[in-house]
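Engineer: Here is what each chain is made of, one letter per residue.
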Amino acid sequence: MARALINVPATAKPGEIIEIKTLISHPMETGYRVGYDGAMIPRDIIANFTVTYNGDEIFRAQLSPAIAANPFVSFCTVAKESGTLTFHWTGDNGFTATETAKITVE
Amino acid sequence: MSRQGLVALACLWIAGLAGLVSWGGQAAEIPLQDRQSGYQLMTPETRAMQDDDAANPGMLWVLDGEALWQRKDGRANLSCADCHGDARQSMKGVAARYPAVDPGLQKPVDLEQRIEMCRTEKQQAPPLRAEGKDLLALAAYVARQSKGMPIAVVEDDHTRPFISAGREIYERRQGQLNLSCANCHDDNSGKRLAGSPIPQAHPTGYPLYRLEWQTLGSLQRRLRNCLVGMRAEPYAPGAPEYAELELYLMWRARGMPMEAPGVRP
Amino acid sequence: MTGIDETRRGLLIGAGLLVLGIKPARATPEAMKDAIRTVIGDAPLREGKVTLDVPPLVENGNTVPVTVAVESPMTDADYVRAIHVFNEKNPQPFVITVRLTPRNGRARIATRMKLADTQTVIAVAEMSDGSFWKASAEVIVTIAACIEDIN
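Which chain is which? The protein sequence lines are B, R and H, in order. Going by this note's numbering, the letters in the first sequence line up with residues 1 to 106, in that order. Going by this note's numbering, the letters in the second sequence line up with residues 1 to 265, in that order. Going by this note's numbering, the letters in the third sequence line up with residues 1 to 151, in that order.
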């Protein structure tokens, strides 16, 4: 399981725009590099990243080999109600990772 | 890799490094008050990456290390926490004192080596892979507990001979380019080698996330990297020269704040 | 016959690519334009509304911070539907696409990208009214002096 680091404010006011930062451990191997044995290293990337907020999708990103290793993605969302944000990454070689974060809106 | 690329890189190196040797005079130690972390030479963007825990990729290893700290392992079925308790208290300031001279071995061991000793002797588990994810994660987690604290390697009767040995290696010309560490990092720090500023080589942020590596790495990896650049034969992994050099460098950086996990270009 | 300048240029590009250890770049400014066309179709692409923040000089092309912000009220009637980022000299022109809705409140995203060489990066915003806006930035990528291994 890949390690992910999610930064969501623990609390927010209703309607407040909050910034969410995400980091996940992944090599993001481009498929254009040559290994020590002279052979091409096959592509191995995270291709998709989606975020839901109490089940509703609030963010979706399509990543390419041009995204740096250990991908960092940040975005904003409106804090509507207390609940759970679910972060889901999928990629090459069956890669999948899911992480959640709680937020209290009051 | 293309032959052209190799030739070009070799040319850059030789031109750049030959320039280094002709610039400066004799190696002179950097006065204490003029010392500067490599952090100071970085762009605002790279500094921001180190400063923000939510953006510093090294924190991924710290999180892994936090989980490993609690994991029971080996024939003794012990976790790090079983002996050392809460790392946030027990490991505070520890990395700032490493490498330290081990009383039993009568030689300096660095933080990674100390973790391996705990693993093999106390946990009775097989050693972790050198420069592997788990060892770096534990080292990063332990080093993180000293963030902001001054480096506290002291010169005393135990450390003195090894600090001297490290200094001797640091000042020794070696490799096909006939360079010493001091040629770059004492005589020419602050100047540029190709497009990159030459830092003073204070190991304040290890283990650190190097953008060039696209991963976290130890100070030993960085030293090996320098030796390859000098066209010198790197010491064997774990050779005593590394710990001596690390000890000298940490003593040379005494009093400077710990930054681990650092970020460097 | 190869001229001296051409040879030198080849060498320098070779040295640059050595940093990332990649094959010669295949994307070109034309490939980037084509890639943008596949997203915007025949719609006009106008300058404005988009702020693309990339450092003008980067220390290492492996990890280049990129921030894109788009002027928009982010209401149901008027919002940013997507942000796309392209480059002209990596092996492939496409970098990232993000889909947004009014729930994002602010059309601002950040990520880190790889840049194989000094080049232009373009961010395109796709608005809810079907219009497209862009911003571009020139980025100089310096070669790291101390790479680890020659492989």
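Don't take every hint at face value.
As the list claims (entries may be wrong) - Calculated cross-link-like contacts (lysine to aspartate or glutamate; reagent style EDC-like; alpha-carbon spacing at most 20 angstroms):
1) B:Lys21 x R:Asp34
2) H:Lys134 x H:Glu47
3) B:Lys21 x H:Glu148
4) R:Lys133 x H:Glu148
5) B:Lys80 x H:Glu148
6) B:Lys21 x R:Glu116
Claimed, not checked - Computed list of chain B residues with no C-beta within reach of chain H, every gap over 12 angstroms:
7) Ala2
8) Ile6
9) Asp56
10) Glu57
Hints in this document: simulated from the structure, not taken from any laboratory. Treat the numbers as computed from the prediction; the structure is a model and nothing was measured. Each residue gets a CB set at the ideal place from its N, CA and C atoms; glycine is no exception.
Engineer: Is the nearest Cβ of chain H still more than 12 angstroms from the Cβ of B:Ala2?
Structural biologist: 17 angstroms, holds
Engineer: Check whether the Cα positions of B:Lys21 and R:Asp34 lie no farther apart than 20 angstroms.
Structural biologist: This hinted pair is violated, its Cα atoms lying about 37 angstroms apart.
Engineer: Against the 20 angstroms threshold, does the CA-CA distance of B:Lys80 and H:Glu148 hold or violate the hint?
Structural biologist: 48 angstroms, violated
Engineer: Is B:Lys21 close enough to H:Glu148, meaning Cα to Cα at most 20 angstroms?
Structural biologist: 30 angstroms, violated
Engineer: Is it true that the CA of R:Lys133 sits at most 20 angstroms from the CA of H:Glu148?
Structural biologist: Distance ~18 angstroms between R:Lys133 and H:Glu148 Cα, so the pair holds.
Engineer: Determine whether the non-interface label on B:Asp56 survives the test: each CB of chain H must be over 12 angstroms from its CB.
Structural biologist: Given a closest Cβ separation of 7 angstroms, the condition is violated.
Engineer: Is it correct that the beta-carbon of B:Ile6 has no partner in chain H closer than or equal to 12 angstroms?
Structural biologist: It holds; B:Ile6 is separated from chain H by about 15 angstroms at its closest Cβ, greater than 12 angstroms.
Engineer: Please work out if B:Lys21 and R:Glu116 have their alpha carbons no farther apart than 20 angstroms.
Structural biologist: 34 angstroms, violated
Engineer: The output says B:Glu57 does not contact chain H. Does that hold with a beta carbon cutoff of 12 angstroms?
Structural biologist: 8 angstroms, violated
Engineer: Holds or violated: H:Lys134 with H:Glu47, Cα cutoff 20 angstroms?
Structural biologist: 5 angstroms, holds
Checked against the numbered hints listed earlier, the structure breaks hints 1, 3, 5, 6, 9 and 10; every other hint is satisfied.
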